[in-house]
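Here the protein sequences come in this chain order: A and B.
All residue numbers for the first sequence refer to the working numbering, where the first residue is -11 and numbers rise by one.
All residue numbers for the second sequence refer to the working numbering, where the first residue is -11 and numbers rise by one.
A pair counts as met if it fits within one copy or between any two copies, since identical chains are not told apart.
In silico PhoX-like cross-links for lysine-lysine, where the CA-CA straight-line distance does not exceed 25 Å:
| # | residue 1 | residue 2 |
| --- | --- | --- |
| 1 | K23 | K2 |
| 2 | K53 | K171 |
| 3 | K236 | K92 |
| 4 | K236 | K108 |
| 5 | K74 | K2 |
| 6 | K334 | K92 |
| 7 | K(-10) | K236 |
| 8 | K37 | K310 |
| 9 | K171 | K92 |
| 10 | K223 | K525 |
| 11 | K236 | K2 |
| 12 | K(-10) | K2 |
| 13 | K146 | K525 |
| 14 | K92 | K223 |
| 15 | K108 | K23 |
| 16 | K236 | K23 |
| 17 | K146 | K223 |
| 18 | K92 | K53 |
| 19 | K53 | K495 |
| 20 | K75 | K37 |
Read the hints as simulated data drawn from the structure, not as lab findings.
Remember, it's a predicted structure, so these values are computed and weren't measured experimentally.
Number of protein chains: 2
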Amino acid sequence: MKSDIEIARECRLKPIEDIARQVQIPVDELEHYGKYISKVPESLIDEKKVENSNLILVTAITPTKAGIGKTTVSVGLALGLSYIGKKNIVALREPSLGPCFGLKGGAAGGGYAQILPMDKINLHFTGDFHAVTSAHNMIAALLDNYIYQHRDEGFAMKEILWKRVLDINDRNLRYVVTGLGAKTNGVTMESGFDITPASEIMAILCLSKDEHDLRRRIENILLGTTIEGKPFRVKDMGVAGAICVLLKDALHPNLVQTTENTPAIVHGGPFANIAHGCNSILATKLAMTYADYVVTEAGFGADLGAEKFFNIKCRESGLNPKLTILVATTQGLKMHGGVALEDIKKPHSEGLKKGFENLDKHIRNMQAFGQTVVVCFNRYATDVDSEIELCREHCENMGVGFAVNNAFSEGGKGAVELAELVVDTIANRPSRPVVFSYTDRDNIETKAEKVVRQVYGADGVVFSTAARKMLERVRQLGIEDYPVCIAKTQYSFSADAHAYGVPHGFKVQIRDIVVNCGAEMIVLIAGDILRMPGLPKSPQAERIDLIDGRIEGLS
Amino acid sequence: MKSDIEIARECRLKPIEDIARQVQIPVDELEHYGKYISKVPESLIDEKKVENSNLILVTAITPTKAGIGKTTVSVGLALGLSYIGKKNIVALREPSLGPCFGLKGGAAGGGYAQILPMDKINLHFTGDFHAVTSAHNMIAALLDNYIYQHRDEGFAMKEILWKRVLDINDRNLRYVVTGLGAKTNGVTMESGFDITPASEIMAILCLSKDEHDLRRRIENILLGTTIEGKPFRVKDMGVAGAICVLLKDALHPNLVQTTENTPAIVHGGPFANIAHGCNSILATKLAMTYADYVVTEAGFGADLGAEKFFNIKCRESGLNPKLTILVATTQGLKMHGGVALEDIKKPHSEGLKKGFENLDKHIRNMQAFGQTVVVCFNRYATDVDSEIELCREHCENMGVGFAVNNAFSEGGKGAVELAELVVDTIANRPSRPVVFSYTDRDNIETKAEKVVRQVYGADGVVFSTAARKMLERVRQLGIEDYPVCIAKTQYSFSADAHAYGVPHGFKVQIRDIVVNCGAEMIVLIAGDILRMPGLPKSPQAERIDLIDGRIEGLS
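Next comes chain A alone, as it looks inside the complex (with noise of 0.2 Å):
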């Protein structure tokens, strides 16, 4: 089969003024970076319609490290449901430079099931990311000019918050000194770069409900504590509406369009392991205001961007999706049932049965969220009727809807079996309201506990030394009415990235904790975690590569 960028390449692009018609869009609101991406401006919201329309949220099982191909279900469903006739836009998050140079290559689907430009998506895009670096890192570096201005009229700080962030795998990046050398260099201190889908910008970016909500958010953000125990916040420097100017574009929802031409919304992009993992609440309602059905997905397995979906995403914003698509393949439920991952490619019905321990799991944590849940069993190349068929019968056992999605070889007409499933169990048993996992009120080690004793099977959560310190901070702070969103491996339940199925028997050791007192939630770093990542001994760097003015590597 050919590969991602060959299709991309050979896909006839509609000019984005088509694609916005095709749901009434109006045209002259689009705000064009080349003739096939637009900017729509958040103000065309309207609440209303966003009430009618129908949000079913891709979720998936325990990924592999190649991924479950959650991107490329979501904008197949997005083409079936299109193919039977359904108006629909998919609404998802932006790639990162980071594993797009890495080990995870881009993230704007796969095979006849892309969102294109592709190249450009993965790219650059409209700048958004790199608006949510250079805000953060302006931040940065007026507050180390604050402290380096106003240290002779006695101002200093007790503890500093703020890292900065890069786009970039840059493990070397992780823990660092600033301020070396000549004393006009500024003031000696340690820091750090975090990647930019962990900034707490992109996540206040997702997370805001329009300007003035954004200028409030970054008003709030806690950079650290003075000397006299007083937090420090952006709004103490005087520079939010500064910050604001750097976001204002980058707060407007990107359109571009599908390998069938159809509509697709891409904005925000925090990662779900180390941040909240969902696209922006302006997309989706942006999406919702023009379409009956909006697909969109949280980031790696349920227990992460699902949880924080229904938790963080869906209480800020009230929506409600009705429905969710748990996304699985044969090699991830092959690796979760014992296999070893060179042998996951080839058929093995008993480790893929042992593996449906891992699904199941997810699908109860799904309907303890008031959803109902169907199984998308994602086709690779490599796999078996037999093996889907066992698939099927297990999900048929549990009451639980099935279909498999073959988008990525065949586009929308491989997804039609799951298209019609959608669009009858939405007519026929739509989910519940979301059941969240814990109350505002509950406190922080509340809210933690539910979270890792009710999703990830844990037996409780530990806090460290540290961030039983940063507790009390929350506490005096009184804000813990915030949500909790935990960082841990995407690899497993717990945070042991080497426990696969459904470990039994532990805690979840919570190493730090992140005050995000702009996106207004409280992370929790859990286990060995890191919020930079590194690049692997043989990066996809090497293979993107440029000839003749056509890009080549990208996937």
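Chain B: place on chain A using the hints.
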């Protein structure tokens, strides 16, 4: 008078297609970024037409902290040329976010002589700076990763020459130690950040002839020396293609418009004090393909930007300006004439006359490059006519053309005198072909010696021990034929920022040398110039604001 952004907001912009049509740029080739900005492919350059176009360089006397208004004069001249019916394009550099949020403000002209949309141009624009930042830091991450991943195979670096960049004034990042903490956080190393306009990638973007030349230059970038003493380059990691992919769109020049709807091409943005200070060769040639007169500028005083414009950009591209305009202000002249900075806005004829010394030295310097020079007096509201007449008289006595620019207050009609002088001078006594300060075959010491003696008026150059070591490296690498790019304070002919006027009896200390094997130049760091600026006590960011979707405080 109204503020820059108020004037900008009141301007009625024309769709960018209309601007392109004015000069017969084919509209189908435009890649839009909103209604008023587009990228134009550099493949449209026609060398025959370039030869027949008239290039005008705008440079200045040694500037004050507020600048001399070169960009305002460049745009003003373009407006004036249009006013008298001459087909022209102004070709400028892109502003950096660093000074925009720091001390100096934006760089899109001022008053009624601006390029628009000034907010977009001063902020993220078409993302070119972000692409340069990404490409530069991606190389840094790939390099550190290469060292980390191959350290057990005996690979190690004796010296790393590649730093990182951010488009922010952040003094705390000048000198950092990375890779601290756990072993998995990489290899502990000294590093640092320069501002993006000092990135070698920025210089490469501005000097590349086409995509293939870009590729060749990226491959050749010298990253350091291996433990065996071998040069280690980007091509040794096999990632040059991936880096070119990140720069693919950034290589295309950007088309915008002036306050009077005439075309402007804005592309590339190295600073002239810490880099070579000229817009891209591709942008200049593209402008020359479509206009009879092309106005371009080089950064800061003529000792910095213009020297590098001739010795680097013209040498590399074969361009020959027909005329050089030297911009002067009463404030600048008075500063050089010994008037205290707080008094330079008040009348002071004696101080003004003493300041002519600085003007005259720059005039003689430009004439030594083979240039016909005219002096443009950039009028400020506080100026008095008698002082302007003193300047006119002085220039007449020097045998040099003189005109007042009042485009800041009046737009194009305020620059008619200047435009007529320019057209007349080009017709009757155009410059000779550029006379370089040194030949390719001079060694680096000789090249530096020639520039500091001829252009700065110094008694010679002194290399530090560190610089001498790098000179030896340059010899070993066989790259002594590269031109030199002297990084030096913009506030004096010397390396002492407080030596106004025309200092005498000084030598220029070269503290360090940065080898740019991709940009093909040797950067000599003179005195205490820093390639990462800091923010002032009250940065511009405190005055930039977003009020109901309207940007305020940008200038």
